[in-house]
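Protein chains: 2
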Amino acid sequence: MHETLSDAALDQLYREARSYNGWLDKPVSEEQVHQIYELAKMGPTSANQQSGRFVWCRSQESRERLAIHASEGNKDKIRAAPVCLIIGYDLDFHEQLPWLFPHTDAKSWFKDEDLRRENAKRNSALQGAYLMLAARALGLDCGPMSGFDQDGVTRDFFADQPRWRADWLCSIGHGDRSSIFGRSPRPDFGTFNTIV
Amino acid sequence: MHETLSDAALDQLYREARSYNGWLDKPVSEEQVHQIYELAKMGPTSANQQSGRFVWCRSQESRERLAIHASEGNKDKIRAAPVCLIIGYDLDFHEQLPWLFPHTDAKSWFKDEDLRRENAKRNSALQGAYLMLAARALGLDCGPMSGFDQDGVTRDFFADQPRWRADWLCSIGHGDRSSIFGRSPRPDFGTFNTIV
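Top to bottom, those sequences are chains W and L. All letters in the first sequence, in the order written, are residues 1039 to 1234 by this note's numbering. All letters in the second sequence, in the order written, are residues 1039 to 1234 by this note's numbering.
In short, the hints are calculated from the structure, not lab data. Small disclaimer: the values here were computed from a predicted structure and weren't measured. Hints are not guaranteed to be accurate.
Because identical chains share one entry, a pair is satisfied inside a single copy or across any pair of copies.
To be verified - In silico DSS-like links for lysine-lysine, alpha-carbon gap of 25 angstroms or less: (1) Lys-1145 - Lys-1113; (2) Lys-1159 - Lys-1145; (3) Lys-1149 - Lys-1159; (4) Lys-1113 - Lys-1064; (5) Lys-1149 - Lys-1113.
Next up, chain W with everything else stripped away, as it sits in the complex (with noise of 0.2 angstroms):
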């Protein structure tokens, strides 16, 4: 039987967490990004499928190409982000799921290319809510973002793999306070949710 986490971390997790526009001048090391992985990749996928796919933009050169394909106001946000995070998936995750899910032959359960492009789409945005928020339990901050060329990056960062594409990316690193504004309204129970 567990507890509840305390205020504290649930304030770190979701209640006093915040997407960020800028960045303190304070780097993320590549230990801080592979403890996130470590973390993020023990959350649930669907047959263990582990269908996404990720580019961890840590260097300044590799920032700017990213930039690149960037709609005009995210350009900055990446450019001075510590790590920008390219969350994409692969379109053929079955064919590992012969040692991912070893006990019976799931493999065979996504013949369907639209079933498996579903799938791959899915658990690869799961994966990625996971790392935002293993970053936050390791007290870094995160800033998601969806205006970008998905085909200009997929083409400029998984050139070596046919089959995987970008979806969304998500800078990581220690939030400046000043860079954000008041947080948008959140929705009363009621209004998206039932209980019957």
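Put chain L on the given structure of chain W with help from the hints.
What follows is chain L alone, placed relative to chain W:
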């Protein structure tokens, strides 16, 4: 500047959390359902779109009704769970943006139906992950599932909302440790990650 959460918290959220197939006979209260959502709704969605739509099947009757649409292997998991959550999305989430993202005309960004569907699915998946980790943070366990008839659940549970779609399911409760098997292998960092 935030601290890293305690090892016990990281274990509870990620390292020792598992997807459960069976459940202890211990209810999840309506108050706990609200607590889960109140945390999860703080997580980021693109332009605060909050595209997820959630039906929490808490009564035996509703879970029986849901189980009808599930694959053979998932029917009993749904019937036996204290709560089974339907994670859906609203194809017309943009209609809500004037109040969810009030400082600019974000509704006009989502005129394209394909872009809207992609956003609705990606962001509701993120929200589902926030909900699962919030449940774990509150001491509960999860059992996500995608083996069911999405169209059937949409017709049955979103009948009054013609633009809402059921996407996946997640049982929530106090997991029965005798109901789980060994953990499926997790990839090393280098398998699906690159730092550039």
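Violated constraints from the hint list, given by number and in increasing order: The structure conflicts with no hint, since it agrees with every one listed earlier.
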